[in-house]
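In order, the protein sequence lines correspond to chains A and B. Everything in the first sequence is counted per the working numbering, starting at 1 for the first residue and increasing by one. Everything in the second sequence is counted per the working numbering, starting at 1 for the first residue and increasing by one.
One thing to keep in mind: the hints can contain errors.
Said to hold, decoys possible - Listed below are the simulated BS3-like cross-link pairs for lysine-lysine, each with C-alpha atoms no more than 30 Å apart in a straight line:
id, chain 1, residue 1, chain 2, residue 2
1, B, Lys301, A, Lys301
2, B, Lys463, A, Lys463
3, A, Lys112, A, Lys139
4, B, Lys112, B, Lys28
5, B, Lys112, B, Lys132
6, B, Lys317, B, Lys301
If you are wondering where the hints come from, they were derived from the structure by calculation, not from laboratory data.
Single-letter residue listing:
There are 2 protein chains.
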Amino acid sequence: MNAPTSTPHLMPEIQPREVPAALLEALKARFGANCSTALAVREQHGRDESSFQAPPPAAVVFAESTQDVADAVKLAAQWEVPVIPFGVGSSLEGHLLAVQGGISIDLMRMNKVLSINADDLTVTVQPGVTRKQLNEEIKSTGLFFPIDPGADATLGGMSATRASGTNAVRYGTMRENVLALEVVTASGELIRTGTRAKKSSAGYDLTRLFVGSEGTLGVITEITLRIYPLPEAISAAICSFPSIAAAVHTVIQTIQLGVPIARVELIDQNTVRMVNAYAKLGLREEPMLLMEFHGSPSGVKEQAETVQEIASEHGGKAFEWATTPEERTRLWTARHNAYFAAIQSRPGCRAISTDTCVPISRLADCLLASVAEADASGIPYFLVGHVGDGNFHFGYLLNPDDPKEREVAEALNHKLVARALSLEGTCTGEHGVGLHKMDFLVSETGAGAVDMMRTIKRALDPKNIMNPGKIFEL
Amino acid sequence: MNAPTSTPHLMPEIQPREVPAALLEALKARFGANCSTALAVREQHGRDESSFQAPPPAAVVFAESTQDVADAVKLAAQWEVPVIPFGVGSSLEGHLLAVQGGISIDLMRMNKVLSINADDLTVTVQPGVTRKQLNEEIKSTGLFFPIDPGADATLGGMSATRASGTNAVRYGTMRENVLALEVVTASGELIRTGTRAKKSSAGYDLTRLFVGSEGTLGVITEITLRIYPLPEAISAAICSFPSIAAAVHTVIQTIQLGVPIARVELIDQNTVRMVNAYAKLGLREEPMLLMEFHGSPSGVKEQAETVQEIASEHGGKAFEWATTPEERTRLWTARHNAYFAAIQSRPGCRAISTDTCVPISRLADCLLASVAEADASGIPYFLVGHVGDGNFHFGYLLNPDDPKEREVAEALNHKLVARALSLEGTCTGEHGVGLHKMDFLVSETGAGAVDMMRTIKRALDPKNIMNPGKIFEL
Chain A
1 MNAPTSTPHL MPEIQPREVP AALLEALKAR FGANCSTALA VREQHGRDES SFQAPPPAAV
61 VFAESTQDVA DAVKLAAQWE VPVIPFGVGS SLEGHLLAVQ GGISIDLMRM NKVLSINADD
121 LTVTVQPGVT RKQLNEEIKS TGLFFPIDPG ADATLGGMSA TRASGTNAVR YGTMRENVLA
181 LEVVTASGEL IRTGTRAKKS SAGYDLTRLF VGSEGTLGVI TEITLRIYPL PEAISAAICS
241 FPSIAAAVHT VIQTIQLGVP IARVELIDQN TVRMVNAYAK LGLREEPMLL MEFHGSPSGV
301 KEQAETVQEI ASEHGGKAFE WATTPEERTR LWTARHNAYF AAIQSRPGCR AISTDTCVPI
361 SRLADCLLAS VAEADASGIP YFLVGHVGDG NFHFGYLLNP DDPKEREVAE ALNHKLVARA
421 LSLEGTCTGE HGVGLHKMDF LVSETGAGAV DMMRTIKRAL DPKNIMNPGK IFEL
Chain B
1 MNAPTSTPHL MPEIQPREVP AALLEALKAR FGANCSTALA VREQHGRDES SFQAPPPAAV
61 VFAESTQDVA DAVKLAAQWE VPVIPFGVGS SLEGHLLAVQ GGISIDLMRM NKVLSINADD
121 LTVTVQPGVT RKQLNEEIKS TGLFFPIDPG ADATLGGMSA TRASGTNAVR YGTMRENVLA
181 LEVVTASGEL IRTGTRAKKS SAGYDLTRLF VGSEGTLGVI TEITLRIYPL PEAISAAICS
241 FPSIAAAVHT VIQTIQLGVP IARVELIDQN TVRMVNAYAK LGLREEPMLL MEFHGSPSGV
301 KEQAETVQEI ASEHGGKAFE WATTPEERTR LWTARHNAYF AAIQSRPGCR AISTDTCVPI
361 SRLADCLLAS VAEADASGIP YFLVGHVGDG NFHFGYLLNP DDPKEREVAE ALNHKLVARA
421 LSLEGTCTGE HGVGLHKMDF LVSETGAGAV DMMRTIKRAL DPKNIMNPGK IFEL
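Chain A on its own, in the form it takes in the complex (with noise of 0.2 Å):
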């Protein structure tokens, strides 16, 4: 989804770690110019797209090699002082926060893409490389990287935080998609983690181990990515429906017949509401799925006509097709502007956002109880979903200058994590843990497989200075 602002809070026990004069003075002599201390630098490296705040890193260190990281982790292990791994700073979850104190290493001058192998259908890339530059530096091969969260967030933190998006209910998510990884470790040393085959059992499984490890492992300089052929054909429909119920049901059809849809997004009234005061699109002021086929011309033909016939079973209106790519282009700009026209509806209000995802079979369990808390709450909200995943979230629009509404939204969040985590769902689906969830990972995987994870950190980061005070605390 759309990276959203909101209210900010501190957080409850901050315990920063000193940060010596001495390894400030070893950062400088090594890195020069390319270490700052400056607080406007410092600063804009001590938020993200969170709600906390906490006193921003002692320095911030431009690495543009991977040796340059190694020298920054050596440094900082030596002293024994946190390290926090940064892109463009679009975490919902505050991951980039200095919670406990450190330097930032920021990755965005390391932005290439190192190798292009469209034979195999890999790419190479340093870790500042955006989604986006991706896409647009092998757009010349025919072929296209799908993952695509709401922000342009750098393929680093896109792997530090398994991220995914709308195309995820074809292609998967970074989980699925990272080949191999190179990482410098909590000591400063370098591994790779994989090769460019396919598959492989050569032992533990150290990249899915990387991905979505948040940072607290080691740092990610180089990832190795699958990349896909650009579709021979490409359609895109969206579809109003009576209720949420019927377009949520359509979907779950569509999905259990295997149909290969490679987006299905859902925008509730609330949110068409809000984009058409927004953009002046005139559309039906009801739920509306917007979808995606890829494949052949007559695989798409095939799929379209398929999910037609099923949404119109569930009471499916006002269906518009697009082939080119402007029309289709015109059909996402209800989605596309979706965060925006959400936080214009209530001037000056910031938003939070829930990211829950559940078996598709409990999509509407989920879904409609929650709406139904929500709506009887009288908190505004928008609300859009990868509902082919079972992943959807909330946006409540808060008024930042009442503790109250953070309250209420804060208690339907508490209710929505518990209801999905009672239909075999996760807390988190794409977003991560980061400091927001903690409470929420235990009671979903229970304390003894978080205590395996902290058991891990500790072994392999043994002076916890890797993004210390995330995802579980040590």
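Starting from the known structure of chain A, fit chain B onto it as the hints suggest.
Frame of chain A, contents of chain B only:
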């Protein structure tokens, strides 16, 4: 591939730890007749389909529940004695051998399909369920589980080795198809590693840490898997080629075009000759591709036409098509009989198998050079491959009484692995490291990555009791 048996040879340094009589008494007391120390039972659990030999385990516990597994592990932990999980015994890499002594836990009585969630395309099973049993039990739902190593292996063993097979080119491997696990840890505690949600960013990916860990981190006691709707249409084809190069280039182009082929298997001319002799198939004695297409009737037709066109450009001849289940079975006979036909072609021989996997663009280079070396060696061999994934298996057919032949075969394998690694591939696409590929693993990933694996192992299994001596030396 089908499980080859092979020339037995002893492990160089076997140092079985002592199994105290007190532990055996405690196991007998807890498990009664479900704990056996009979030599025949121990010997049956002291070998697999690899070429290694080691003394059998001191006892075999037949577990009937997760609690049984937990109790057995707790007793073993108390006496610091190794534990080896055992399924059907189809490992090709010595995973099941008690190289450091200890007890075997037989999981074949934990063979229930616990729940079928057809609406979510998931199923939860006990580890002793085999892949064929699972497909039998879900047949009536119109769903299937695609991962198919040659043996009718257990889903516990397949998870532990990150297995794959002929359908992986379209459906992925165990890495992509295990959603969640229940695991008994090295201390006998129970953890769950995930939910039934299709995607999640909730902390470290423990599921994928255990998938492929070869029993060295814990015992898998429950597995939640993805399953798939049976395709509306399936069509199979065989096609002969003037050379292996022509067949391989057909595959490379098919994959690069993004054709969603479900299976594409190579059989070399040696193997065609062997299956002709074995099953009187009357196939052209030329390299052959066996292919399968899944989808809608028109989608399948379209895929097949595209591939036929590519094949024709590379001199592909003698296309045969099959759409009914009976015809398909006939076409796939050659593939299914390959191993047995090969063994019969040299009476008294044993086979040793290779398992390299390379990026698809390197497949021709890797394969053709290794075929030339194998031809020059004079060792008879068969060659089959999941070539759509860049994975293939030579089976060298050895006279077990001639150590010289084993030496030559091992030299061929070393050269092949070195070549695969230099082409950015892996030493093992699907069989695992076990005892046989420890040195290859270090060459492939580097000492640093293997050290990280060791660190994880030491942290999660400080007494080194979980299947010790596999993947790496500690």
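Quick rundown of the hints versus the structure:
Of the supplied pair hints, the one linking Lys301 of chain B and Lys301 of chain A holds, its CA atoms being roughly 15 Å apart against a limit of 30 Å. Distance check on the hinted pair: Lys463 of chain B and Lys463 of chain A sit about 23 Å apart at the alpha-carbon level, within 30 Å; holds. For a cut-off of 30 Å, the pair hint linking Lys112 of chain A to Lys139 of chain A stands: about 15 Å separates their Cα positions. Taking the CA atoms of Lys112 of chain B and Lys28 of chain B, the gap is near 25 Å; set against the 30 Å cutoff, the hint holds.
Restraint check: the Cα-Cα separation between Lys112 of chain B and Lys132 of chain B comes to about 13 Å, which is no more than 30 Å; the hinted pair holds. Simply put, Lys317 of chain B and Lys301 of chain B have alpha-carbon atoms about 18 Å apart, close enough for the 30 Å limit, and the pair holds.
Of the numbered hints listed earlier, not one is contradicted by the structure.
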